[in-house]
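Enquirer: The whole structure should be built from the sequences, with the hints applied where relevant.
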Amino acid sequence: MNAHKVLFSEYKLWNLGRSWRTSRYGYSGGRGFSSCGPKVCVVGGGPAGFYTAQHLIKARQDVEVDIYERLPVPFGLVRFGVAPDHPEVKNVINTFTQTAKNARCSFYGNVDVGKDVSVEELRRAYHAVVLSYGAEGNRSIGVPGEDLDGVYSAKDFVGWYNGQPSCRQLSPDLSCETAVILGQGNVALDVARILLSPIDILKKTDITQPAMQALTESRVRRVLIVGRRGPMQVACTIKELREMVNLPDTRPEMLPADFEGASEALRDVPRPRKRLTELMVKTALEPPSEKELERRNKASRVWGFRFFRSPVEIHSDPGCNRTTGIRLAVNKLEGSGESARAVLTGEVEDISCGLVISSIGYKSLPIDPSVPFDSSKAIVPNIMGRVHEAAGLYCSGWLKTGPTGVIATTMNNSFDTARSVMEDMDSGIMDVSAAKPGASRVGALLEERGIKPVSFSDWEKIDRLEVSRGEAAKKPREKLLTVEEMLKVAHT
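Residue 0 is where the sequence shown starts when you use numbering that gives the first Met the number 0, and the numbers rise one by one after that.
Keep in mind the hints are simulated off the structure, nothing from the lab. Do not take every clue at face value.
Unchecked claim - Listed below are the simulated PhoX-like cross-link pairs for lysine-lysine, each with C-alpha atoms no more than 20 Å apart in a straight line:
1) Lys202 x Lys89
2) Lys238 x Lys273
3) Lys474 x Lys203
4) Lys100 x Lys89
5) Lys100 x Lys460
6) Lys487 x Lys451
7) Lys57 x Lys100
8) Lys202 x Lys474
9) Lys114 x Lys451
10) Lys281 x Lys238
11) Lys473 x Lys89
12) Lys203 x Lys473
13) Lys202 x Lys473
14) Lys238 x Lys89
15) Lys487 x Lys460
16) Lys89 x Lys460
17) Lys362 x Lys376
18) Lys89 x Lys203
19) Lys474 x Lys89
20) Lys460 x Lys474
Expert: Right, here's the structure in full:
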């Protein structure tokens, strides 16, 4: 191609970008190609992405940040992962909204990076690209029977009752009496609580209508929460445990043998762990007060921890593909504290159940062949958010560290990555002197490929409709459940 054709091609692409930036599908911030400030692209519109953008915008007054999100709606796990009965945790959306409405920030939903546009194309258009797309995969249980009907990942089960479009068709069968949850973190307790909560509590939340209907008809009356180690290693926090202990119309069912030596082991542990274990021991072993005894005797539903157990096999009846039970190996611990290791004893026990939910962790997935990825750790290899051997490429959130911690953990993690970006700009490691086209170029590519992004103002149309539908049903919101519904509202 000669020089004249190259120039014409670049001019045509730039013009497409200009028109896209001001189109009703793509415009979101009022910025044009002429801006000379550093341009940063954030891939992922969940907590990690928004916290990264927030810190970048506050730290440097000339930086511009564009957030690309695969779904038409923002906020990631705050929308699709936080339990419906924890509305206070979702208040962080107010902070994210302020970031999205900043004049130097733009949101582009309905853009699937790695499919609609490549990471390499983003890197050519921006001074820096921060990958913050989270952990969308499931860790495998790795036992026979995990593909049976009635076995679900907690990620998908939570996505089902929270309105994740990809989980809409899950339709779990809740006709059994006993459910077994593998894992003892906060997500496991969220799932147990939703399965056992009185319907009068759930119907006041933003749980989806199909989930509400299924839970209304549910026959699940007993939930066992299984972990391979002991009470001193349980991964949940005291807030979630206290909610289970106080859940109306339920009573605890523990095995006293699981708590042998727990009280004596508390002397040298940190205060949060001590308080958590003390509450477990009190719930499991101490005689309840008269009032609490009366409450437990009236309860129609049961929950309990099962410690020192690992899944061996999930059972079904001969010729049937539906779960009927689970075999657990009985473990003992070698070592103590957080480093204690579960070792098989050779004993096994069987539990009859019709529902098994695996809550043993999420995992990140590779997004693009050009991005380094450590498959064994399921993270992008990095040092303080700087991706190995990829100048100008960064990562934050669970993609950076693995799926660990709470939203505040992700906030600090993302702020650290943003600081790395700032340091590289300030030190000259990242050359920000040359102008980059940013969203102008990406918008032109998307327009050529028939992709219509959803701006933040488009998302607000969806938000208003969901809140309005919720008001009619006397709940905070009634979510749209398909991408098609979302796009129809956004683009009208």
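Enquirer: In ascending order, which of the hints set out earlier in this document are inconsistent with the structure?
Expert: none
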